[in-house]
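Protein chains in written order, with numbering that gives the first Met the number 0: chain A, 0 to 88; chain B, 0 to 450.
Worth flagging that the hints you see were computed from the coordinates, not collected in a lab. Please note that the accuracy of each hint is not assured.
Listed next, the in silico DSBU-like pairs over lysine-lysine satisfying Cα-Cα at most 30 Å (straight line) [stated by the list, open to error]:
hint, chain 1, residue 1, chain 2, residue 2
1, A, Lys11, B, Lys314
2, A, Lys1, A, Lys11
3, B, Lys10, A, Lys1
4, B, Lys314, B, Lys242
5, A, Lys60, B, Lys352
6, B, Lys394, B, Lys313
7, A, Lys57, B, Lys175
8, B, Lys165, B, Lys242
9, A, Lys57, A, Lys9
10, A, Lys11, A, Lys57
11, B, Lys165, A, Lys1
12, B, Lys314, B, Lys394
13, B, Lys165, B, Lys314
14, A, Lys9, B, Lys10
15, B, Lys10, A, Lys68
16, B, Lys175, B, Lys242
17, B, Lys175, B, Lys165
18, B, Lys242, B, Lys10
19, A, Lys9, A, Lys68
20, A, Lys1, A, Lys60
21, A, Lys57, A, Lys68
22, A, Lys1, A, Lys68
23, B, Lys165, A, Lys9
24, A, Lys60, A, Lys9
The structure displayed is predicted, hence computed values, not measured ones.
Spelled out, the chains give:
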Amino acid sequence: MKAIITVVGKDKVGIIAAVSTRLAECGVNILDISQTIMQDNFTMMMSVDTDRSSVSIKELKAQLAEIGKRMALIINIYNEELFDSMHRV
Amino acid sequence: MNQREVIETMKMIQEEKLDIRTITMGISLRDCADENPERACAKIRDKIGRLAGRLAAVGEEIEDTYGVPIINRRIAVTPISLVAESSRTDDYVPFARALEDAARDAGVNFIGGFSALVHKGATPGDRKLMQALPRALSETERVCASVNVATTRSGINMDSVRTMGKIIKAIAVASKDRGSVGCAKLVVFANAPEDNPFMAGAFHGVGETEAVINVGISGPGVIKSALEKIQGSDLEAVAETIKRTSFKITRVGQLVAREAARRLAVPFGIVDVSLAPTPSVGDSVAHILEEMGLERCGAPGSTAALMLLNDAVKKGGLMASSFVGGLSGAFIPVSEDLGMIEAAREGALTIEKLEAMTAVCSVGLDMIAVPGDTSEDTIAAIIADEAAIGVANNKTTAVRIIPVIGKKAGDFVEFGGLLGSAPIMPVNRFSPSDFIARGGRVPAPLHSYRN
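So that you can see chain A by itself, here it is in the shape it has in the complex (with noise of 0.2 Å):
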């Protein structure tokens, strides 16, 4: 499936470092990244595909909240067609 991951938290060194490496390790392709500063808050998101991920939608979300939880960011993965349903009519 396509999805969107999202990232917040205090900006520091290496985030997308290390979210990137991780979903490198699980075959998960990046398709985009964008990242912006929001009232001093580190927002990253990256549209990805999962079709040829190594491991399931759980142990990738597990995986990425391992991260989150090191590195103090809110970590979350949605459903890119939870996007197209709710903002297109």
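Position chain B relative to chain A; hints supplied.
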């Protein structure tokens, strides 16, 4: 990838408690009827196990895949009075136990459908079901019951209304050691919907298919946050904002409903477009009304504000889903809504004001705790008033009232979990007994010359 949309959605889920309140599987038990009650109960357990065995797991899968929390997985079945009536027994409590076992095995927290439809009259099976309610609801945890006592087409069955006044008191006594919580699992309806996914009033209607997936959405917190951004603007802007937000919330419901139906290989039924509060912070319908400009929910203006909210929620939701059904609107359960609890405690919200509010929203007098010494006749008369509002206005109304044994007005009762806690609300002390004692039926109302 649109940053603004992603951030908005993320905030709704993370901060504003956007979630799917319930995925409810409706299951027909009509083929489980059997002369032998034990065999009927075994068939019921088997069938629910067969059809709903994967319900909890599929809920989790969807939660993981889409990133949207799904709070409850539930089951609604054919009104048990219809299923049990063929069995040679006077005791329907074993049927409640069969439902309890099936719900536990399926991993669901509530199962609805220990129900009877008696709006025009009661059959022997309906009477047995009503008589079984005090034990059924005090000896089980997950079983929810409902009794439909009135419809717009047939009027109000006042004999059943009177019976339910007595039964509710008996349930309160039977569960008095737990705050009379048995009553919190019983809904007395007028114009009961056959596809409602929300408890305690869910059942699988006789016009429904073999099995179906209905989804109940939520999101009072999302609506309140949207309104916080337009403080001071006029009510047209308020209605428009609620409508747009409701559209987005309902689209999530539609997505989840379709996906759950596909994964369970069961047809999709409806999305119930309802704002369902919980007792947690930031999940209150009362706080939406207060955000609109009322000092406290229950203040003059509350009925107007609720009408606007209820209507805008429906208008937004109808466009977002291919099939909308169930109760669809705003819920105002006192004990399950933090803002309602505060308002009732402060005396801003009274039973009489709530009654008026039920004329313009999707449910009725819901989760209202009253003094334990409230008489059977007074409870019956409160049910009759609420049924009259539903029947005359061609809408669903319901009563879920809890006379808490041993408590008086101003005390507090704790039900725990989703059922919340509530201040005991004072009840009008004048007697309706002679009116209730008359019994009989209130004829269906005229539907032209409307004023």
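Outcome of the hint check:
| no. | hint | in the structure |
| --- | --- | --- |
| 1 | A/Lys11 <-> B/Lys314 | 45 Å, violated |
| 2 | A/Lys1 <-> A/Lys11 | 27 Å, holds |
| 3 | B/Lys10 <-> A/Lys1 | 20 Å, holds |
| 4 | B/Lys314 <-> B/Lys242 | 6 Å, holds |
| 5 | A/Lys60 <-> B/Lys352 | 47 Å, violated |
| 6 | B/Lys394 <-> B/Lys313 | 14 Å, holds |
| 7 | A/Lys57 <-> B/Lys175 | 43 Å, violated |
| 8 | B/Lys165 <-> B/Lys242 | 42 Å, violated |
| 9 | A/Lys57 <-> A/Lys9 | 25 Å, holds |
| 10 | A/Lys11 <-> A/Lys57 | 27 Å, holds |
| 11 | B/Lys165 <-> A/Lys1 | 57 Å, violated |
| 12 | B/Lys314 <-> B/Lys394 | 16 Å, holds |
| 13 | B/Lys165 <-> B/Lys314 | 39 Å, violated |
| 14 | A/Lys9 <-> B/Lys10 | 17 Å, holds |
| 15 | B/Lys10 <-> A/Lys68 | 19 Å, holds |
| 16 | B/Lys175 <-> B/Lys242 | 43 Å, violated |
| 17 | B/Lys175 <-> B/Lys165 | 15 Å, holds |
| 18 | B/Lys242 <-> B/Lys10 | 19 Å, holds |
| 19 | A/Lys9 <-> A/Lys68 | 13 Å, holds |
| 20 | A/Lys1 <-> A/Lys60 | 14 Å, holds |
| 21 | A/Lys57 <-> A/Lys68 | 16 Å, holds |
| 22 | A/Lys1 <-> A/Lys68 | 24 Å, holds |
| 23 | B/Lys165 <-> A/Lys9 | 60 Å, violated |
| 24 | A/Lys60 <-> A/Lys9 | 20 Å, holds |
The structure fails to meet hints 1, 5, 7, 8, 11, 13, 16 and 23 from the earlier list, while all remaining hints are met.
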